[in-house]
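Participant: So the sequence lines, in the order shown, correspond to chains A and B. The numbers in the UniProt record's numbering rise by one with no breaks, and the one at position 234 of the first sequence is 234. The numbers in the UniProt record's numbering rise by one with no breaks, and the one at position 193 of the second sequence is 193.
Source of the hints: derived by calculation from the structure; they are not laboratory data. Mixed in with the good hints there might be a few duds.
Since the list gives no way to pick one copy over another, a pair counts as held whenever it fits inside one copy or between any two copies.
Derived lysine to aspartate or glutamate pairs resembling EDC-like cross-links, with alpha carbons at most 16 Å apart [claimed, not checked]: (1) LYS292 to GLU384; (2) LYS247 to GLU204; (3) LYS2 to GLU166; (4) LYS367 to ASP404; (5) LYS348 to ASP359; (6) LYS57 to ASP334.
Protein chains: 2
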Amino acid sequence: MKKVEGGVTAAEGFQAASTAAGIKYKDRTDMAMIYSTEPCAVAGTFTTNVVKAAPVKWDKDIVKNSAFAQAVVVNAGIANACTGTEGLGYCKDTAKKTSELMDIPEDAVLVASTGVIGKQLPIDRICAGVEQMSKKLSGDLTSGHNAALAIMTTDTHEKEAAVEVELSGKKITIGGMCKGSGMIHPNMCTMLSFITTDAAISKEMLQEALSSTVTDTYNMISVDGDTSTNDTCLVLANGLAGNEKIKEKNEDYETFCEALYYVNEALAKMMAGDGEGATALFEVKVVHAASKEDAVILSKSVVTSSLTKAAIFGHDANWGRILCALGYSGVEFDPEQVDLYFESAAGKLMIIKDGVAVDYSEEEATKILSENEVTAIADMKMGEACATAWGCDLTYDYIKINADYRS
Amino acid sequence: MKKVEGGVTAAEGFQAASTAAGIKYKDRTDMAMIYSTEPCAVAGTFTTNVVKAAPVKWDKDIVKNSAFAQAVVVNAGIANACTGTEGLGYCKDTAKKTSELMDIPEDAVLVASTGVIGKQLPIDRICAGVEQMSKKLSGDLTSGHNAALAIMTTDTHEKEAAVEVELSGKKITIGGMCKGSGMIHPNMCTMLSFITTDAAISKEMLQEALSSTVTDTYNMISVDGDTSTNDTCLVLANGLAGNEKIKEKNEDYETFCEALYYVNEALAKMMAGDGEGATALFEVKVVHAASKEDAVILSKSVVTSSLTKAAIFGHDANWGRILCALGYSGVEFDPEQVDLYFESAAGKLMIIKDGVAVDYSEEEATKILSENEVTAIADMKMGEACATAWGCDLTYDYIKINADYRS
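Using the sequences provided together with the hints, build the complete structure.
Facilitator: Written out as structure tokens, the structure is:
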């Protein structure tokens, strides 16, 4: 597996465009479009929130029922959530416009929105944006990069990742982009993530590969514990790499999953580290848990603890809050058996042995916690299972961003 | 039922004292003692965190096995959690000292600690504090008030409540004090709460009364979703009111429960409103839910949502976040049926009807949300159950307090 440059246009046959449609923001792009020259197998995972945004409903239907997909239209600024039948109508209007311009079926057009809940989309501007983008579509890496910039809301940087692997002697590429920031606590999928690949793979195998990797990637990140109404992850596979089509769980399928996992994990970590107001990526590794389920619950409990997140912001080795968060997770364990370590580029330090603090150097601990990627490792000594969760610190800027997000 | 002045010394036969033992803070009291002239029936509820502080272990044993209790010794500054056998030994040392000074059995002395996790208590100072307090015990209301001040950590004010009711023709009093602030998300009980009553009631009925009221009071508040290692609620009943002893669920029991509920709710709301850094008490009422369990989960999901709490801080009627938090709670409902209102001393306003925003005035909404007690009411239109949860806004000061709590 080889890491390569680029995002959604890294794979063969995928084009992208972006434009400033004036939906909410001034002086920046706020719409993106992904287009494949060939029809694509499509798979998706979506928010488990009972309150689902209109684009989530639209896309779920397409992923389930359409023979193929060929375009994705995304806007930032307005989420098109809690917008009733009017909002769902705007999904259809967007798809219809795209369908006419690109000469593809209406049910091959996926849509996605991110931003404020409850406002209606300015559909005239959306359609004008689609028209502008349809003329600018290009397969170069810059177009993909610009698309990643256009879908940001409170993100501070664009998020892309791509890899190459060989399947049945053919080079295939998987690339993707995503946006995250606030209301990030994905359950079955994350905010907005778009993956493209030129691999030839059946729709069923694509969905299975996506679902299996989402569990250990997007579903393990949290910025604030709030599961959005819009979480969407879509994968489009156009088959242009010419590999023998994956139709079953063979060796090629495993290789494809590994590559897809790499891209999804890279994007998920970028989202966690760029959580609203965040100054650090906070990684929590739980090892030797009694079961995988326990390990997942324990690691997520720590990564979502407000007190722990505030301590990470303060570079404070406040291990009591971590033990406390393990303790209230609902998982049974022996607290007098737990070891805890902090680790970062600045080193690794044992903090607790068998539930009690060792005589560690606070200075050394602060040095380790002052890096912008820090890891807490909890050894439960209960079994063989492990899990890793990703989050970020809780900062003044999270409050600043969210106390007046709408204004 | 009549609301009266005072706290733990409001009921007949209860005395209190406080002292500056120099455990962590400078220039303030940090230890409190409650003493009853008569042996008391005792009941308690404690944290469900797997990581239990030493005083929790000590008190659970007493509540379960002792014939009676007669004193409670509390310190602020150090939590005596994650302190191993040494920490548990300090509970015994404290009880022994108190036992000798007050001439009561060692297993009639309850202890409680709040503060930093992981540090050992300075047991010499604790014992010196007990000695000082044993000489200052008094039944006046000021002593109770000073005890409520002494147990604070990051609380900004002391918390007391008391009521009088009549049982079998006799006036009985229930009074209490508590402290909260951070790491507040009680499960079966809250941080530290001490209730005293001169009612005559059996230990079994006292425990039943406490457990039944805790569910709808302390267990419905949350400051930050972090369930502490030290949560403790104790009730001492010394029988001095001379009412016919409550031994079964009769009318007197119901009256006693109502009075106990009043005191517990009052203290719980004080804790929520004085959450770390809070500027407002945030109340969430869920009405017409399909079941009580659903109503509890829905109201807690909103009251713990970081995004909603930040919006409350900003006086922003960001109702999308509330619908979103209802949606990810795990409870099934029809989002296109939900009505939502904001209410405070400044008025009541409908915001959403049937899942979509009505044409409300943002100015009016901001006015309502600018009070220091604000309520969100969600009408689910699914059934007849309701629940109320209490929390607070998420502010810059929460971060400030917790990014360097230990320093």
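Participant: Each hint should be assessed against the structure and marked as holding or not.
Facilitator: Evaluation of the provided hints:
no.: 1; hint: LYS292 to GLU384; verdict: within (8 Å within a copy, 39 Å between copies)
no.: 2; hint: LYS247 to GLU204; verdict: within (8 Å within a copy, 65 Å between copies)
no.: 3; hint: LYS2 to GLU166; verdict: within (10 Å within a copy, 79 Å between copies)
no.: 4; hint: LYS367 to ASP404; verdict: between (34 Å within a copy, 15 Å between copies)
no.: 5; hint: LYS348 to ASP359; verdict: within (14 Å within a copy, 56 Å between copies)
no.: 6; hint: LYS57 to ASP334; verdict: between (44 Å within a copy, 14 Å between copies)
The structure meets every hint from the earlier list without exception.
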